[in-house]
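Chemist: Listed below are the residues making up each chain.
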Amino acid sequence: MSPENHQHAPLHLADEGDAATALAEAEAGQHRFDELIAEDSRIEPRDWMPESYRKSLVRQVSQHAHSEIIGMQPEGNWISRAPSLKRKAILMAKVQDEAGHGLYLYSAAETLGRPREEMYDQLYSGKAKYSSIFNYPARTWADIGAIGWLVDGAAIVNQVPLCRASYGPYGRAMVRICKEESFHQRQGWEILYSLSHGTEAQHQMAQDAVDRFYGPALQMFGPPDGDSPNSQQSMEWKIKRFTNDELRQRFVDMLVPQVEALGLTLPDPELKWNEERGHYDFGDLDWDEFFAVIKGNGPLSRQRLEHYRKARDEGAWVREAAVAYANHQAQGRDRDQAALIGA
Amino acid sequence: MTSSADSSSWPLWEVFIRSSRGLSHVHAGSLHAPDATMAIRNARDLYTRRNEGTSVWVVPAAAIMASDPDSKGAYFESAQGKSYRHATYYTQSEGVKHL
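Taken in sequence, the protein lines are chains A and B.
So the first sequence is residues 1 to 343, counted in the numbering used here.
So the second sequence is residues 1 to 99, counted in the numbering used here.
By construction, these hints were calculated from the structure, which means they are not laboratory data.
Because the structure is a prediction, the values reported are computed rather than measured.
We treat Cβ as the ideally placed atom computed from N, Cα and C, and that holds for glycine.
Each hint should be verified, as a subset may be incorrect.
[What the hints assert, rightly or not] For each label pair, taking beta carbons as the anchor points, the in silico distance ranges come out as:
| id | chain 1 | residue 1 | chain 2 | residue 2 | range |
| --- | --- | --- | --- | --- | --- |
| 1 | B | 60 | A | 337 | 11 to 21 Å |
| 2 | B | 21 | A | 200 | 45 to 55 Å |
| 3 | A | 337 | B | 54 | 30 to 40 Å |
| 4 | B | 97 | A | 21 | 51 to 61 Å |
[As the list claims (entries may be wrong)] Partial list, computed: chain A residues near chain B (C-beta under 7 Å):
| id | residue |
| --- | --- |
| 5 | 100 |
| 6 | 103 |
| 7 | 104 |
| 8 | 107 |
| 9 | 322 |
| 10 | 323 |
| 11 | 326 |
[Stated by the list, open to error] Reference excerpt, derived from the structure (chain A facing chain B, CB under 10 Å, subset only):
| id | residue |
| --- | --- |
| 12 | 277 |
| 13 | 319 |
| 14 | 325 |
| 15 | 329 |
Using the sequences and the accompanying hints, generate a full structural model.
Modeler: Here it is in structure tokens:
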């Protein structure tokens, strides 16, 4: 195991003396951990950390990784139908980025001692959660624009503060991801801009896509602060830096001038500038729908999982072939070595 | 599901990238691959999609020895308390040029 992937060495308790030593070590570890968090430093893989911190991070980082992987599907679906070669190349690059983001994050989660295979299996079995936004269909080409602008836009607002997450490998993965994500948002905005300034039908298609993705995109920040039981602890550990509602507000404030520049509107009659607050007020979101989608009743929840399983099953022979090839190459090297020694 | 050929049973490789000539290789992340050749190729696709590198190293993660983080204090102690190893320790020459 590498320095990045080393778990805290397991404590073998042989006798009472060892138990006392272990207790003292845990106390010293907790003290050091608290100190590092308080001074806004970073926790690294081989540092002592509370089990609950490790568990919470594994959950968050692996869910984040799964979201990137499943997130390839709505857009991958449009690669063969992109309206031009340029758009197709862009979309392929974006989907490839999502795969990369998934892999960065699986790597980060692995440094917490969770084997890669276990994470893959959890997604395969349907046990793992991922962002519910990806259970919505991408019905038209304009949806690809709305996904880039709104879904990746919300992801950026969420992810920028995560670059400073207290767990080093997670923060570093997020820095890399955020650098790549801004192209995603801009290309989406440009798709919508082209459609909005095209024919009447194209304009309407862009507006429909925005109408459908606006609410679910705002829900990507998670439930309202009052219904988000893990948030408080996560903020104390400096994994999360802002509450769900704070980030949602920041996102809405950003969207209003952007939608005006598009020549489109946001589907919320209550959206209004509030001079006193210095923010836009916006209407309630459909949280019943949100929780239904989280529970697996999204429009495409079943299909997304089926597709993931199919891709993994059908790709098995490639993984087997890669191992066979690597073994064959290694044997060849051994033979050459033996021949050289014999000569 | 075939477990023996699952990518997770491939060894773990740490990836180091030289971002441009004149700089050292810096740790970029890790990946799983069946051998070094495929690890290098995957590292290119995973970590240099935007000209981030002019050279890639992959190292079997198992081959890396690391210092023990718990012995941090004692292990690096000899470097501490020796401020005379830094130029800033010497103050008499303040105001004297090129020194």
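Chemist: Now tell me if each hint is right for this structure.
Modeler: Now the hints, each set against the structure:
{"no.": "1", "hint": "B:60 x A:337: 11 to 21 Å", "result": "holds (19 Å)"}
{"no.": "2", "hint": "B:21 x A:200: 45 to 55 Å", "result": "holds (54 Å)"}
{"no.": "3", "hint": "A:337 x B:54: 30 to 40 Å", "result": "holds (32 Å)"}
{"no.": "4", "hint": "B:97 x A:21: 51 to 61 Å", "result": "holds (57 Å)"}
{"no.": "5", "hint": "100", "result": "holds (6 Å)"}
{"no.": "6", "hint": "103", "result": "holds (6 Å)"}
{"no.": "7", "hint": "104", "result": "holds (6 Å)"}
{"no.": "8", "hint": "107", "result": "holds (5 Å)"}
{"no.": "9", "hint": "322", "result": "holds (5 Å)"}
{"no.": "10", "hint": "323", "result": "holds (5 Å)"}
{"no.": "11", "hint": "326", "result": "holds (4 Å)"}
{"no.": "12", "hint": "277", "result": "violated (39 Å)"}
{"no.": "13", "hint": "319", "result": "holds (4 Å)"}
{"no.": "14", "hint": "325", "result": "holds (7 Å)"}
{"no.": "15", "hint": "329", "result": "holds (6 Å)"}
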